Every structure is written in structure tokens, then in C-alpha cells.
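Colleague: Respectively, the protein sequence lines represent chains A and B. Counting from 0, one number per residue, gives the positions in the first sequence under numbering that gives the first Met the number 0. Counting from 0, one number per residue, gives the positions in the second sequence under numbering that gives the first Met the number 0.
In short, the hints are calculated from the structure, not lab data. Remember, predicted model here, so these are calculated numbers, not experimental data. Heads up, a few of these hints could be off.
All copies of an identical chain are treated as equivalent in the list; a pair is satisfied when it fits inside any one copy or across any two copies.
[Stated by the list, open to error] No more than 25 Å apart at the CA atoms, straight line, and that leaves these computed lysine to any residue pairs for SDA-like:
1) Lys110 x Asp90
2) Lys203 x Asp174
3) Lys171 x Met98
4) Lys57 x Ser16
5) Lys210 x Arg141
6) Lys171 x Pro122
7) Lys166 x Cys200
Number of protein chains: 2
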Amino acid sequence: MSFTDMGNGKRIAVLVSGGGTNLQALIDAQNAGKITNGRISAVISSKPGAFALSRAEKAGIPSFVIGRSEFLSQREYDAALCSLLRENGADLVVLAGFMVVLGPYFCGCFKDRIINVHPSLIPSFCGNGFYGLKVHEAVLERGAKVTGATVHFVNEITDGGAIILQKAVEVKANDTPESLQKRVMREAEWELLPRAVSLFCEDKLRIEGQKVNILL
Amino acid sequence: MSFTDMGNGKRIAVLVSGGGTNLQALIDAQNAGKITNGRISAVISSKPGAFALSRAEKAGIPSFVIGRSEFLSQREYDAALCSLLRENGADLVVLAGFMVVLGPYFCGCFKDRIINVHPSLIPSFCGNGFYGLKVHEAVLERGAKVTGATVHFVNEITDGGAIILQKAVEVKANDTPESLQKRVMREAEWELLPRAVSLFCEDKLRIEGQKVNILL
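Hey, can you work out the whole structure from these sequences and the hints?
Modeller: Dropping the structure here:
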């Protein structure tokens, strides 16, 4: 296995499980020159047939499949994923709709170098059980009028890491979970994720406790 | 004691404890003709010296003081407040920085007719212990990049009632709890509260479970 050679920029590994729309947002941003000092070096999918893999292929990005069920324990899975990423020199790990839980071992391997995009304004509608459409279902059930997306560093606590960027999105009167999910992606996730990735690659993010300071 | 005669509009009682900036926002909106089919009929303060009382006097609105410490139990306090408001025909009770807990008896008296403004995007940074500056301190401590305000109906659960309106407000890099509080007031609370009050008075709010539908 080999990753794309990056030159001097940071090597970005993107972990996916499904359609890969956030991966596409990163590829598009990269093609538009919006990711400074970094380049997507690998796409890793937890599922063999994920459409994200086709997106990676089309963009000429090496891709790998590493399923959770191939490993007996969380620790073994974490170790295998960590080895793969380390061997190939990943500087940043981006969770872009990655549906497998990562354990403390993996979080330790890439401490302060894993970022995730979550489809709500953390600390609302986050934590265990809040993923994908379930988040938007909960927003509508609570009758919230504003939701949004959050890009954050990943630590051992689900959605508990320091927040990098957030953007609010209006909930509309006739929204379904599906329509709300699409609007949050279009108006917030696809904008925030490439921006946060570029800020990381430019070394402009400073974590202080739970707070991320962005250098100007 | 007597409240101002209202004609045919809804009678709005505003409950306060302190400076009364949200009361002022309501008075200003009323003077600007932005509250349709309703009028502030009384200001009730839990504290004798509250500056909100001066605002009421200046605006020619009858005011009353009813302190929690004058009553032995929550139930007695609730009953006294409820009697005062009922005798004088209040249709809507607005909590505008009212720092006294209201019990189930009071909530039952004015079911679906009490609204509150909370300085965050519920369900973030709300519930017991989250009031005033404490809310903004928690927002900054969590490192959130977006906060806001919520106007909601009040039920027995602190900040648990159905949400009427929400508006997001950006957290800035150098914010203190005080600077953030001011921005949330200026950009969200003072705009949302009069709008929600007017929608109530125009009978345009429909509660369905946890959701408020706004009629156009």
C-alpha cells in the first residue's frame, strides 16, 4: 500500500463509510485551491462498496478498505488503523461520515490530529446515538428553530472534543429529517469542513482546554 | 390595584427582577407599533428596587412588587401571583429576566400562556443553574463558536417548553461573558421577544407537542 506523495504539505487522510459527500467537498475545495499547505493523501473506508471509494478513484486518491468486523477487539481495530495511517505518514485524520467507533488507543495515536464534522450545534443534539438522520429527527422533535453543524477535534468522549468551527442553519416549518439534513450539509458542513482542514494544515489552530483559538 | 385598560387587544403582563432591558425592548416595540393586538398591561417585579420599575413608570405602565420571601411556600407564592394576574385579566405572562422559580401551580394557571426568553440556543446551555451570565460563561468554557437566544413557552421543566423563536449569534475570539451577554441581547433577545409576543397576541402560534407552528 502506498499513499500519494505530498511534497511539503500536510498529508490528509479521510475516513468514510458511505456516500462521501463531505469527502467530495474536500476534493472540490482542494481542486479550487482552497486547502492551503495540505493534500488528501488517502481515503479509508470501513465498507467495501462505499460510493466514497468511487469519488476517491475519480480524483486519483489512493483508497483502502478496513472493516471493523475483520478485527476481534476495538483495540486491534484501532491498532491496525493507526498502523496504516502512521506507515503512510498521515498528519491529519478527517472523519467524514465514518460510522465506526474509534477507541482511546486510536485517539491517543492521533491526539489533536483527528477532526470530525457533526450535523448539529454541539452541545445540542450530540453524543451517543446522535448520528446521521437521527440528529435531524431529534432537532425536529424538539421543535428547534435553529440548528447547524460543528467541526471539532476528536477525543475519547463522543462529540466532546474542542470545537473548531460552527455555523447555524435555519430549521424551516415544513422540514423533514431528510430536507434538514441536506440543508445542513449544503449550508454548513461542506463549507466548514474544508475551511477547518485548511486552517489545520496552515497550523493556525491552537487548542487551549476546550477552546480552539484560530490564529489570524 | 388596577391594570391599564386595554380595549380589545391582549393584556400582556411582564415579570421582571432587574434592569429590565427586555422589558424596554417590549416597550420600544409597542411604541413603534410592532406589537399587534396587544398591550403591556402591567409590570411585576420580584424586587422592590428593580430599575425595570422605573422603566415601567416612565412608560406609564402600572407596576407591582411581589417578592418571593414574603411567602412561606412555592405554592402560596404561585397562588398569589396567579391571583394578581387573573384578577387583572392578563392574557399573556412574559418572563423578562424574572429570577424567581415558578412552580407547577403557576404554570398550570397560565398553561401555554407564559413565555420566557433564554440567552442560548436551547437545548444547549439551559436547565437548572443556567441563568444570566452563567449561561455565557458556560458557552465560553465549552469553546462554542455559535450561541444565540430562544423564546419559548414555559412549562414545569426549566427551559423545557416548546420553542417559539431562535436566533444564532456569533461568539467572538476575545469575548468575555459580559461582552457576549450584551451581543446576545442586542442581536437576538431584543428582536425575538417582541416578535414572539406579537405573534402570540395575533393568535398565530400553535403548539403541537414540543413544536410551535407559526401561522403565516
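Colleague: Each hint: holds or not?
Modeller: Hint-by-hint comparison with the structure:
1. Taking identical chains as interchangeable, the C-alpha atoms of Lys110 and Asp90 lie at most 25 Å apart only when both belong to the same chain, with a minimum of 11 Å there against 56 Å between chains.
2. Taking the shortest alpha-carbon separations for Lys203 and Asp174, only the inter-copy value of 19 Å comes in at or below 25 Å, while the best intra-copy value is 36 Å.
3. Taking the closest pair of Cα atoms, Lys171 and Met98 never come within 25 Å of each other, the shortest separation being 28 Å inside a single copy and 32 Å across copies.
4. Taking the shortest Cα distances, Lys57 and Ser16 sit within 25 Å of each other inside one copy (17 Å), while across copies they are farther apart (63 Å).
5. With identical chains, the CA atoms of Lys210 and Arg141 are at most 25 Å apart between copies only, with a shortest distance of 7 Å across copies and 27 Å within one.
6. In this homomeric assembly, Lys171 and Pro122 come within 25 Å of each other (Cα to Cα) both inside a single copy, at 21 Å, and across copies, at 18 Å.
7. In this assembly of identical chains, the alpha carbons of Lys166 and Cys200 lie at most 25 Å apart only when taken from the same copy (21 Å versus 32 Å across copies).
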